[in-house]
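Same order as they appear, the protein sequences are chains A and B.
Here this note's numbering is used: the first residue of the first sequence is 770, the next is one more, and so on.
Here this note's numbering is used: the first residue of the second sequence is -4, the next is one more, and so on.
Since the hints were made in silico from the structure, they are not lab data.
All of these numbers come straight from a predicted model, not from anything done at the bench.
All residues carry an ideal CB built from backbone N, CA and C; glycine is no exception.
Among the hints, erroneous ones may be present.
Estimated spans, in silico, between C-beta atoms of each pair [unchecked claim]:
#1 A/K947 <-> B/R26: 53 to 61 Å
#2 A/K947 <-> B/I48: 42 to 50 Å
#3 B/T225 <-> A/E1017: 53 to 61 Å
#4 B/S9 <-> A/D1090: 34 to 42 Å
#5 A/K947 <-> B/S25: 53 to 61 Å
#6 B/L212 <-> A/T792: 58 to 66 Å
#7 A/G1054 <-> B/T225: 41 to 49 Å
To give an idea of the chain B side of the interface with chain A (calculated C-beta under 7 Å), a few residues [claimed, not checked]:
#8 T307
#9 P310
#10 T322
#11 R328
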Amino acid sequence: MADAALASKNEEPFVRFNGVQKTYDGETLVVKDLHLDIYKGEFVTMLGPSGSGKTTCLMMLAGFETPTFGDVLLGTERLNMVPPHKRGIGMVFQNYALFPHMTVAENLAFPLEVRGVSKADAEAKVARALQMVQMDGFQNRRPAQLSGGQQQRVAVARALVFEPELVLMDEPLGALDKNLREQMQYEIKHIHEELGVTMVYVTHDQSEALTMSDRIAVFNDGKIQQLATPDVLYEQPENAFVAAFIGENNKFVGTVREVGEDACAVEVKGKMIRALPVLIEGKGGKTTLSLRPERVFIDPEEGSFPNVFDAHVEELIYLGDHIRARVNVLENNEFIIKVPNSYKHQTLHKGDNIKVGWALEDCRALDA
Amino acid sequence: MTDATVSPVGLMTSDGVPLKQSLARAERRSRIRAMMLVAPLFLFIMITFIVPIIDMLLRSVDNPRFQEVLPETAQVLMEWEGGGLPPESIYAVMAAEMKAAMKDRSLGRLTSRLNFEDPGMRTLMFKTARRLNRVDEGPWKEAMIKIDDEWGDPQVWALMKRTAPAYTTIHYLNAFDLTVSPEGEIVAQPEELQIYGLLFWRTIWMSLLITGLCALLGFPIAYLLATLPTKTSNLLMILVLLPFWTSLLVRTTTWIVLLQTEGVINDILVWATILNDDERIQMIYNQTGTIVAMTHILLPFMVLPLYSVMKTIDPSYMRAARSLGATQVTAFRRIYFPNTIPGLGAGGILVFILAIGYYITPALVGGRTGQLISNFIAFHMQESLNWGLGAALGAILLAGVLAMYWLYNKLIGVDNMKFG
Ligand SMILES: Nc1ncnc2c1ncn2[C@@H]1O[C@H](COP(=O)(O)OP(=O)(O)O)[C@@H](O)[C@H]1O
Ligand SMILES: [Mg+2]
C-alpha cells in the first residue's frame, strides 16, 4: 500500500486541510496551522496523546465543528459551509453510537432509508455489510444484546453500508480488550484494502497506528509533528517528540561540539558521541540524541562502531523472545538494550561491566 | 479444622457449631436489623395509606344502618323472597322493632339512610313509629296499612328489602348516574341528576389536555436543561423547581391576580385597546382557569423525568445520525425523540394521575365549570355527608388510575419508566 500511496501522490489530494486553525474559547488554539493532504484510497492515521487535537480535526472534517480559520476541502469542494448530512462521510464513534432503540438491521438501514434507497435494495446492502464484518444472523438483535466487539463490528458496517468514499474512525477500538483489539485492527485493515475507501483513523495507540496505516500524522500540541509512513516514522523520527512517542527510545541530552555534513559530535557527560544531525541548532546548541534499543550492540568488535562506551548492567527482565537489559551508560541508568533470545546469544548478569556500541546513523541528534 | 472440613455430618466453625446453623444465625440478625429499619415507614404507610384505602373501599359498599336499627326486620326481609306484600309475620317483627327504636331514639339514623332512596321515607317511618306506640296487638299488617296506606304498596316493601342487606351497590350505581327504580330495576337517573358521567368525562379530558400541555411545554425546557452547559442549566433548573418551593396557595392566587376579569392580563389588553372595557375575557373561575393553573403546577412533574432521561441520551447519537445522512429534523424525529419516550411516559403518567385526583386548584379557580371529580368527592365527604357515594367515586377514581398504570405497563413497560 505504501507504493500505491506514493504512486497516487501525483494526483490531486482527496482531502485537504489547508492552514486550518481551531479555537473553542478564543484564547488557546487547539489546532494550529494544520496542513494535511490525504489521497484517495489511503489509510491515514492521526496519532497523538490525549488532548492533542485529533478529534477536533476529525470533527471539522465530519462537519460537527467549523474551522476558526482556513479551509477543509473534499475533492475540490470547500467543506466549511456544507452541513454534516450532505458530506457523505461514514463515521465510527468511540462509543459506537449505535441507536439503542433500533435493531442491528434497522441501524444499518437508517443511512439507506434517509437516502431514499428502496427497501429491497437496502435489505441486500445491509445483508452484504453484515457479512463483511461477519455479523450475519444478528439482524434482529438490539445493540444492548451484543458484546463490545460485536457492537464495534456493527458500527463499522453502518459507517460503510451507504458506500461512502471517506470513512472516519475516532479511537474505535479503545474500549476493546487487547486480543479483540488486535483482531479488529486486521479486520478493519482488510476491509480497507477490499473496498479501497479512504480512511482517516484516530488513535493514541502507536502500535495500532503502525500496524494499520499507510501514513501516520503524529499530533502534539495542535500541530502535526511528522507525517510519514510507519517505517520512516519509526526509523527516522524528525524530532524528539516523535522519537519518544513512537517505539522505545534511549536518549541523551548533550551539547553539539562539531557539525559536519552527515555527522556531528555531541558532548555528553564529558564524552563525545558521534551522531547523525537531523534537527540541531548548530555548534554549541543543546540536542537530544535518540537511539533505538535494538540498535545497540553488546561488547562489539574493536573498531566496528564509532560509539563505544562502558556500561554497567543494572537490571535484567526476561521477556521470552528477548531479554531487556537496563544498563548505566554515561550516567544515564535508564538506558535499555534488547538482547534477542537467539541461538548462542550473549548472557548478561546483573552487575556485569560491559561495553556497548552503536552506529552513527542509528543515533539521531534532534531538538532539545 | 481439617476434621471439620471433611466431616460427613456437615461443616463446623472452629467453635464446633455447624456452619449452616451459624450462617442462619448471622443472617437472622441482619434480617431483623433490616426489618427494624423499615418498620417505622411500613407502619406509617399502613396507617396513613393502606388502612384508609381499605376503609374507603368498605365504606363505598357499606350499609350498616338497617341492620343496626332494625336487626330482626332486616333478617326476615332478607329471607323473604319479595314480590307483593310480605306476610303478617314480617309486619309483626317490624312493628315491634320500630317501637323499640322509637323509644331509644335510634330510628333517626335509619330514616336518613332511607331518605337517600326516597325522600318521603323519613316522614313515613316516624309517623308509623309514633302511631304504632298506641297499638298494642295485631294483626299488624292491617294496623300499619291503617296508619299509612304506603305500607300496602309493594314498591315500599321492595325498597325496604333492597335496603336491608349490610352491603349495597347503590353508591356505585349512583356514581355512574344509575339508580334503582321503584320496581327494583337498574335505570338511568333522571336527566337533572346525571352529573357524574359528565364529571368523570370532564376530569379525564381535562387531565389529558393538561398532560398534553405539560408535555408540549416541558419537552423544550427539559431539552435545554439536558444540553446547555452546566452553569446555565443549573440556573434554568432553579427556575423549573421554583414552583415546588412556593406554596400551592400562593401560586394559585397569583393566577387569580393575573387572569381575573379585573386582573393584570385583561387590564393590559384593555389598555392596549385590543379589548373594550366591557369585553373583558373570563379566564378564571371556569375550565380555562383550572387548565392554566394546573398545567403550571404540574409542569415540574413532566420536566424532571424527561430531563433525567434526556441527560442519558448520548449526544453522539445525533452526530451519528447526521453523519449517516439525516437532516437535523430527521435525526431528531427518528433518533432523539424515540429515546425520550420512557421519560415522556413517566412524566405523562405522573401528571395525568396527579391531575385526575387534583382538588385544591380546581376548587379555587375552577368556578362551576372547572370542578373535577375530586371536588365532588370532597363535597360528599364534607357537606352532603353521603360518605358512601364519596367513597364510591374515590374507588372508581382509584380503579381508573390502576387501569391507566396497567395500560401504560402494557404499552411501554414500567421497567422503561424513569422518574429521575
Ligand atoms: N467542545 C469543546 N469545547 C471546548 N474545548 C474543547 C472541546 N472539544 C475539545 N476541546 C479541547 O480541545 C483540546 C483538544 O481536544 P481533542 O480534539 O478532543 O483532542 P484528542 O482527540 O486528541 O484527545 C483539548 O484541550 C480539549 O479540552
Ligand atoms: Mg479524542
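**OP:** Taking the numbered hints from earlier one at a time, note which ones the structure violates and give those numbers from smallest to largest.
**Re:** Of the numbered hints, 1, 2, 3, 4, 5, 6, 8, 9, 11 do not hold.
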